[in-house]
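Colleague: Each chain, written out:
2 protein chains.
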Amino acid sequence: MTTTPRVRLDPEARREQLLELGVRLFARVSLDELSIEKLAEAAGISRGLLYHYFGNKRDFHRAVVRKAADELIAVTAPSTGSDPMTRMIGSLERYVDYVEANREGYVSLVKGAAGGNEDLAEIYEEARAALTDRIFLTSTTEELAEVGLVDSPPVRLVIRGWSAMVEAMVLTWLDDPAVMTKQQLLTTCTLALPACVGTLGI
Amino acid sequence: MTTTPRVRLDPEARREQLLELGVRLFARVSLDELSIEKLAEAAGISRGLLYHYFGNKRDFHRAVVRKAADELIAVTAPSTGSDPMTRMIGSLERYVDYVEANREGYVSLVKGAAGGNEDLAEIYEEARAALTDRIFLTSTTEELAEVGLVDSPPVRLVIRGWSAMVEAMVLTWLDDPAVMTKQQLLTTCTLALPACVGTLGI
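Those protein sequences? They're chains R and X, same order as listed. If you're matching positions, the first sequence starts at 1 in this note's numbering and goes up one per residue. If you're matching positions, the second sequence starts at 1 in this note's numbering and goes up one per residue.
Keep in mind the hints are simulated off the structure, nothing from the lab. In this text, all values refer to a predicted model and were calculated from it rather than measured experimentally. Some hints could be false.
One copy or two, it doesn't matter: identical chains are merged, so the pair holds either way.
Stated by the list, open to error - Calculated pairs, SDA-like style, for lysine to any residue (alpha carbon to alpha carbon, straight line, at most 20 Å):
1) Lys182 to Gly198
2) Lys57 to Leu174
3) Lys182 to Arg156
4) Lys182 to Pro153
5) Lys67 to Ser82
6) Lys111 to Arg128
7) Lys182 to Thr199
8) Lys182 to Leu200
9) Lys182 to Glu143
10) Lys182 to Gly201
11) Lys182 to Ser152
12) Lys182 to Arg160
13) Lys38 to Arg128
14) Lys67 to Val29
15) Lys182 to Ala40
16) Lys182 to Pro154
17) Lys111 to Glu122
Take the sequences, apply the hints, and build the full model.
Modeller: Have a look at this one:
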C-alpha cells in the first residue's frame with residue numbers, strides 16, 4: 001500500500017468522506033456501475049486502500065445504499081406545523097426532488113430490491129416502512145381521523161398499495177413531466193391517500 | 001435424438017402441449033427453477049427433443065411467460081353487461097384468483113421484470129398495458145365519464161399508479177389474507193381507481 005490519504009483524517013472520518021463520495025456517484029450511476037475502481041479514481045486513492053475501508057464490493061454497496069436511504073429519509077422529514085396533508089405534500093415534494101436528483105442510483109435501488117437482491121430489498125423495505133410509518137408518527141390521532149386515517153391492518157394495506165402507486169407515478173412522471181405539473185402530481189399523490197383509505201368504509 | 005413423442009402429434013400441436021405443461025409448472029416454481037430438464041422430466045421426453053422444440057432456455061422461458069401472460073389476459077377479460085365498476089370487480093376477482101393459483105411463477109415474473117430482465121419486462125409491460133387499456137376498450141365514453149374516467153395523459157398516469165397499487169395490495173394481501181376479506185380487497189381496489197382519478201380535478 002503506497003498511497004496515503006491526501007488529507008490526514010482519522011479513519012472513521014476518512015471512511016465517512018469516501019462514503020459521501022460514493023453516495024454522490026450513486027446519484028448518477030446505477031449500482032452495477034458503481035465499482036470500487038470508480039470510487040478509487042474519483043477519490044484519487046488506491047483500490048487497496050478502499051478495500052481497507054469497505055472490506056469488499058458488497059459491503060461497499062451496502063454502505064452506500066444505506067447512507068443514500070438515510071439521506072432520503074432525512075430530506076423528506078415532514079416539517080412541523082400545518083395539517084397532515086400539507087406536511088405530506090411538502091415531504092412528497094422533497095421525495096420527487098430527491099428522486100429527480102439521484103435518479104440513476106434510486107432506480108437501480110428500486111430495481112435491485114424488486115428483482116430479489118436481498119441486501120437492497122432489506123434497505124429498501126426499511127426506508128419504505130420509515131417513510132410510510134411517519135404518516136402515523138408525525139400527526140395526532142385527531143388530525144389523522146379528520147382525513148379518515150386510523151391505524152389498522154386494512155389501512156396499513158392500503159398505505160402499502162398507495163406507496164407503490166406514488167413510486168410508480170413519480171418515476172413515470174419523470175420520464176414525461178409534460179403530462180402534468182409537479183404541483184398537480186404532488187396534490188394527486190397526497191389526496192389519493194385519504195381517497196383510497198376512504199373506499200374501505202364503502 | 002433417440003426419443004420420440006409418446007403420442008403422435010404434428011410438431012405444432014406437440015410444441016403447444018409441451019408449452020401448456022411448462023405453464024402448469026410455472027404456476028408452482030419460479031422462472032429460475034423452471035429448467036428444460038424439469039420440463040423434459042415432467043413430459044417424459046429427452047432434453048434434446050425439448051431443445052428441438054424451444055431452441056434454448058431463454059426462448060423456452062420467453063414462450064412460457066408469454067403464454068402465461070396471454071392466459072392471465074384471457075381469464076381476466078371483463079364480462080359483458082352491467083356497469084364498468086361491476087365489470088372491473090369481476091376482472092379483478094379473476095386476477096386475484098389467477099395470482100393465487102400461479103403465485104410462484106407470477107411473483108418471479110414481477111420480480112424479473114422489475115429487476116431488469118428485458119424479456120420479462122417486455123411481456124410484463126404488454127400484459128399490464130392490455131389489462132389497463134381494457135378499461136377504455138370495454139366501456140362507452142358515457143359509462144366512463146360517469147365514474148370520472150376520461151382518456152387523457154394525466155388519467156393514464158393515475159391508472160399506471162393504480163395498477164402498481166393493485167398489484168402491491170394483492171401480493172401483500174395474499175401473504176396475510178386475514179387483514180380483510182377478498183370482497184373488501186376487490187371493492188377497495190376497484191373504487192380506488194375513480195377515487196384517485198377524482199383527485200385530479202381538485
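Colleague: Each hint should be assessed against the structure and marked as holding or not.
Modeller: Here is how each hint holds up against the structure:
no., hint, verdict
1, Lys182 to Gly198, "between (24 Å within a copy, 17 Å between copies)"
2, Lys57 to Leu174, "neither (30 Å within a copy, 35 Å between copies)"
3, Lys182 to Arg156, "between (26 Å within a copy, 16 Å between copies)"
4, Lys182 to Pro153, "between (31 Å within a copy, 14 Å between copies)"
5, Lys67 to Ser82, "neither (29 Å within a copy, 52 Å between copies)"
6, Lys111 to Arg128, "both (14 Å within a copy, 18 Å between copies)"
7, Lys182 to Thr199, "between (26 Å within a copy, 14 Å between copies)"
8, Lys182 to Leu200, "between (28 Å within a copy, 12 Å between copies)"
9, Lys182 to Glu143, "neither (26 Å within a copy, 30 Å between copies)"
10, Lys182 to Gly201, "between (30 Å within a copy, 15 Å between copies)"
11, Lys182 to Ser152, "between (31 Å within a copy, 17 Å between copies)"
12, Lys182 to Arg160, "between (23 Å within a copy, 17 Å between copies)"
13, Lys38 to Arg128, "neither (29 Å within a copy, 37 Å between copies)"
14, Lys67 to Val29, "within (16 Å within a copy, 35 Å between copies)"
15, Lys182 to Ala40, "neither (37 Å within a copy, 53 Å between copies)"
16, Lys182 to Pro154, "between (30 Å within a copy, 12 Å between copies)"
17, Lys111 to Glu122, "both (13 Å within a copy, 15 Å between copies)"
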